[in-house]
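Engineer: Spelled out, the chains give:
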Amino acid sequence: MAISGIHLTRIGKGNYLLEPLRSMNIQDPGALLQHIVAQVQQGHGTHLYYDLSELPIIDQIYYDWLDKLARTCQTINIKMTCINMQSTAAFTLSKFLTSKPAFATALDVPD
Amino acid sequence: MVQKKEVAEKLGALFSLKVGNISGQLEETAREFFCADSKLMDDEEVADLSSEFVNLIAGLLSSKDPHRRTSPQFHALEAFFSGLALRMLMRGGNVDDVVRYAQKLQYSLIDALEKDSGIAFTQSRSVLLYFAQHFDELIMAVFRTYLGERENTLKAQEAELRETSTPITEIWDGVLTLPIIGTLDSSRTMLVMEALLNRIARDHARAVVMDLTGVKNIDSQVSHHLIQMVRAVQLMGSDAIITGIHPEIARALVSLNIDLSGVTTRASLSDGLKEAFLRLGIHVSHKES
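In order, the protein sequence lines correspond to chains G and L. Start counting at 1 in the first sequence, then tack on 36, and there's your number in this note's numbering. Start counting at 1 in the second sequence, then tack on 550, and there's your number in this note's numbering.
Looking at chain G on its own, in the form it has when it is part of the complex (with noise of 0.2 Å):
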């Protein structure tokens, strides 16, 4: 089943892929947390990849919707990895971030 506003991929045993599109609506994030993380679950999926390679900027409320994205993912033994952050991304990123994210980060999905 599609998700509107993004792109959810299973890559692999247990692993999927989430692109997130230009429509994507994080104001309400409730009802997309839960199709997001009702999909991977459906597929037994253990790890969840957020793609970020189009977001130049990740300012508080971006990051609040990573945040609450992947501690509802880690309530349900699914750990998220956001990858591909732009420097622009991570500079704005650091800026403002006291304690380590609840999510990990990696340059790309490993091979």
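Worth double-checking, as some hints may not be accurate.
In silico DSSO-like pairs for lysine-lysine, Cα to Cα no more than 27 Å straight-line [what the hints assert, rightly or not]:
| # | chain 1 | residue 1 | chain 2 | residue 2 |
| --- | --- | --- | --- | --- |
| 1 | L | K766 | G | K131 |
| 2 | G | K104 | G | K136 |
| 3 | L | K824 | G | K136 |
Simulated from the structure, these hints should not be mistaken for laboratory data. Note that this is a predicted model, so its numbers are computed, not measured.
Guided by the hints, dock chain L onto chain G, whose structure is given.
Structural biologist: Chain L in isolation, oriented as in the chain G frame:
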């Protein structure tokens, strides 16, 4: 207004008749500034320069409104002086010569016109004022070019300095080293961070070893920047390793309550590299004899 127009019309008529002669007389002025000691131009170039100037000023005087300093004819004259200034600066000349040449050119032009026409222009306030106003603006064009060129040079030097002060090296596939030498202030930290993050993105570096052996002191603000830099590196998905922390710096970090628990530190650059290789599964050993 009518008088103004008359002045320009009369000068225009004189110019159209005497272009050849005047150009020859103005060559002397150019030779004095660009051929004598500095040897910035040869005779042929001086002749071209003077003839081009005379044509341009004749074009201005024969234009619809020779007093308008926004006309295409006046802009052409400005471009002529800007181009001349740029050419002389590139050949090692200085702006003083170009400015003095422009000033002298003004007097030479009036002299040449007086000689050729027999009319005492130096007695005519309106003619002198006309040339003075136009030449002042042309000298301004020379200064604008000079300042623009200086600014470009400074920017280039700044970029070079930035490049050399942050020598980020890929010491192994996916391993970057960044030796930090000297004082780390906020603006420099920002530059280092920007360069480092861009390099991680470009090279897809999996580990970064930041060596602080060359940093002798650190303050609260800088230590926070350092932690921010480490955090940004980690957010991009790379491992950050800090090496070469002097005892004084370690003491300062502790007294500043800087939390280094999430940061990997090693005593020396070589230890840091070993750690980076270990994390990437790279094994470096002595060649078996």
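Engineer: All the hints need checking, so say for each whether the structure fits it.
Structural biologist: Verification of the supplied hints:
no.: 1; hint: K766/L with K131/G; verdict: holds, 25 Å
no.: 2; hint: K104/G with K136/G; verdict: holds, 14 Å
no.: 3; hint: K824/L with K136/G; verdict: holds, 25 Å
Checked against the numbered hints above, the structure violates none of them.
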